[in-house]
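K.L.:
Sequences listed follow chains Z and S, in order.
Here the first sequence is numbered in our numbering, starting from 1 and rising by one per residue.
Here the second sequence is numbered in our numbering, starting from 1 and rising by one per residue.
Worth flagging that the hints you see were computed from the coordinates, not collected in a lab.
Predicted model, so just to flag it, every value in this text is computed and none were measured.
One thing to keep in mind: the hints can contain errors.
What the hints assert, rightly or not - Heads up, incomplete: computed chain S residues facing chain Z, CB under 8 Å, no partners named:
no.: 1; residue: Gly44
no.: 2; residue: Ser47
no.: 3; residue: Asp52
no.: 4; residue: Arg80
no.: 5; residue: Val85
no.: 6; residue: Arg87
no.: 7; residue: Val91
All C-beta atoms, glycine included, are put in the ideal place defined by N, C-alpha and C.
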Amino acid sequence: MELGSVVVVPAREGFMGIHEAQPYAAAALENRRPFYSTYSTRMPVLGNDILQSWIERVRKLGVQSLWLTSDASSGSVAGSALSELARQGLKRLLVIKLKSYAEMDLTDLVRFHCERRNPVTEARDSRGQLGVSLLDHRALRAAAEKQSSSISMTTDTGRIPYRFSGYAKRILSATERQELVRDGLTGACAMRPAGTQIRDQVWVGEGVNLADSVRLVGPTYIGARTIIRAGATIGPFASVESDCVVDCGTAVERSTVLPHTYLAPGLLIRHGLVDGDHLEDLAWGTVADLKPAGLGSRIQRRDLRSATRKPTFKPTARETAPDAFPGADGSVVWDFSASSTASQPWLQVRL
Amino acid sequence: MSTPARTVLAFPCAANSGRRRTLRTDLLEALRVSSSPVIVDVSGCYSLNQEDIDLLLDCVAQAAGRDTKVLFVAGAPANRVLLEVTRISSVAPVFNSVTEALAYPQMPAENDGAGSDADSKDQPVSESQKRWSA
Numbered sequence: 001m002e003l004g005s006v007v008v009v010p011a012r013e014g015f016m017g018i019h020e021a022q023p024y025a026a027a028a029l030e031n032r033r034p035f036y037s038t039y040s041t042r043m044p045v046l047g048n049d050i051l052q053s054w055i056e057r058v059r060k061l062g063v064q065s066l067w068l069t070s071d072a073s074s075g076s077v078a079g080s081a082l083s084e085l086a087r088q089g090l091k092r093l094l095v096i097k098l099k100s101y102a103e104m105d106l107t108d109l110v111r112f113h114c115e116r117r118n119p120v121t122e123a124r125d126s127r128g129q130l131g132v133s134l135l136d137h138r139a140l141r142a143a144a145e146k147q148s149s150s151i152s153m154t155t156d157t158g159r160i161p162y163r164f165s166g167y168a169k170r171i172l173s174a175t176e177r178q179e180l181v182r183d184g185l186t187g188a189c190a191m192r193p194a195g196t197q198i199r200d201q202v203w204v205g206e207g208v209n210l211a212d213s214v215r216l217v218g219p220t221y222i223g224a225r226t227i228i229r230a231g232a233t234i235g236p237f238a239s240v241e242s243d244c245v246v247d248c249g250t251a252v253e254r255s256t257v258l259p260h261t262y263l264a265p266g267l268l269i270r271h272g273l274v275d276g277d278h279l280e281d282l283a284w285g286t287v288a289d290l291k292p293a294g295l296g297s298r299i300q301r302r303d304l305r306s307a308t309r310k311p312t313f314k315p316t317a318r319e320t321a322p323d324a325f326p327g328a329d330g331s332v333v334w335d336f337s338a339s340s341t342a343s344q345p346w347l348q349v350r351l
Numbered sequence: 001m002s003t004p005a006r007t008v009l010a011f012p013c014a015a016n017s018g019r020r021r022t023l024r025t026d027l028l029e030a031l032r033v034s035s036s037p038v039i040v041d042v043s044g045c046y047s048l049n050q051e052d053i054d055l056l057l058d059c060v061a062q063a064a065g066r067d068t069k070v071l072f073v074a075g076a077p078a079n080r081v082l083l084e085v086t087r088i089s090s091v092a093p094v095f096n097s098v099t100e101a102l103a104y105p106q107m108p109a110e111n112d113g114a115g116s117d118a119d120s121k122d123q124p125v126s127e128s129q130k131r132w133s134a
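All chains should be built: construct the whole structure from the sequences, respecting the hints.
P.N.:
Structure representation (structure tokens):
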């Protein structure tokens with residue numbers, strides 16, 4: 001096998017959904033530390049799945065399959081896993097840590113790596129690492145010899161940067177995420193809102209329910225099956241993702257409302273990220289709990305496992321392979337709970 | 001020039017209905033006897049629940065149409081966020097501390113309801129805001 005690829009999704013909580021409040025409950029207690037970063041990368045951006053966008057880029061390399069894994073700490077790949085890949089005769093391994101959205105031509109990265117003949121090539125932009133690395137068999141072997149190590153520790157030497165000058169945005173903070181939303185809405189990046197453009201700079205997903213008196217101020221996006229009730233104002237620069245309910249008279253400006261969120265009537269959400277019953281205020285850099293005040297809550301998801309849609313990718317069972325099942329919006333939800341006993345769960349995805 | 005006397009009322013956090021009624025009575029009394037601003041201090045509250053928000057809105061409603069102004073001291077930044085989300089800060093000045101509120105109107109509120117609320121977050125961050133920032 002010439003080239004293999006691994007996508008590392010940071011923090012197991014990212015898969016496990018936002019019902020598990022522990023990661024950000026602590027943040028809420030502190031009232032200061034933003035909570036978004038604990039599970040951000042799996043949240044849709046304008047209805048788009050960042051993981052899927054990377055998978056599409058990998059697919060263009062002609063790779064037959066890739067490995068998905070999660071990591072609760074540094075976003076690195078365990079040395080034991082690398083050694084197994086090395087034993088399989090892999091010549092090169094592409095590792096993507098899911099911490100950014102980058103419109104990168106991976107073919108060009110591979111070409112650069114092959115030309116330079118260095119053990120590790122790391123994609124960087126003007127702000128630093130993008131979380132995309134390419135390792136050759138030497139680096140893989142080195143990792144295999146250090147069973148307990150990770151890529152980030154084993155490949156410090158021989159690391160050659162691949163300078164990426166295209167569009168890239170980190171998505172590990174709510175502020176950066178909102179910047180990506182803004183860029184997607186204004187056409188500053190290739191990501192387009194996943195929906196139908198109903199008028200200038202206004203996009204809506206399937207099954208959106210808008211009351212007659214709703215005011216949509218572009219650029220703005222409303223995700224699939226979201227309900228916007230009478231007198232509400234959405235936009236500008238707002239993204240209300242799928243399966244939300246924005247109640248009467250509430251205004252959402254320059255903000256994102258993550259899926260399955262209910263917002264009470266008459267609110268003003270500005271410069272914020274709302275996820276269920278928590279609001280991260282980007283201006284104040286603080287998290288407020290909306291639930292005690294009855295201002296917001298999580299809408300219980302339907303039983304996703306019983307959904308009838310089939311996933312886009314066909315996961316292959318392998319050792320402690322977790323479950324993959326279709327999300328309510330048709331995207332694939334990777335549930336690693338089944339392999340919670342494993343130190344690092346893995347999932348092979350056929351492309 | 002003498003500074004007019006101010007009334008500072010501590011907001012009854014997690015209070016029972018009796019204490020809430022007391023605050024409401026005290027507030028109405030303060031509004032009736034004084035033309036100077038009445039300061040409602042929420043800073044002792046760790047979080048605000050639905051009844052708290054209702055009571056704060058009641059305070060605003062009671063002050064509406066009178067000569068007296070109600071000022072709020074938010075305390076925790078999360079409280080301030082909730083005051084903004086519920087638009088209370090759009091109609092009543094909100095301060096970080098009682099000291100700042102006592103200096104009003106010499107010291108304008110960071111998010112003064114009398115001012116332009118719409119762009120308040122786009123304005124430069126004040127010293128007190130910096131103190132709260134993460």
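K.L.:
Compare the structure with each hint and give your call.
P.N.:
Hints, verified against the model:
no., hint, result
1, Gly44, "violated, 14 Å"
2, Ser47, "holds, 6 Å"
3, Asp52, "holds, 7 Å"
4, Arg80, "holds, 7 Å"
5, Val85, "holds, 5 Å"
6, Arg87, "holds, 5 Å"
7, Val91, "violated, 12 Å"
In summary, the structure is inconsistent with hints 1, 7 from the numbered list given earlier, while agreeing with the others.
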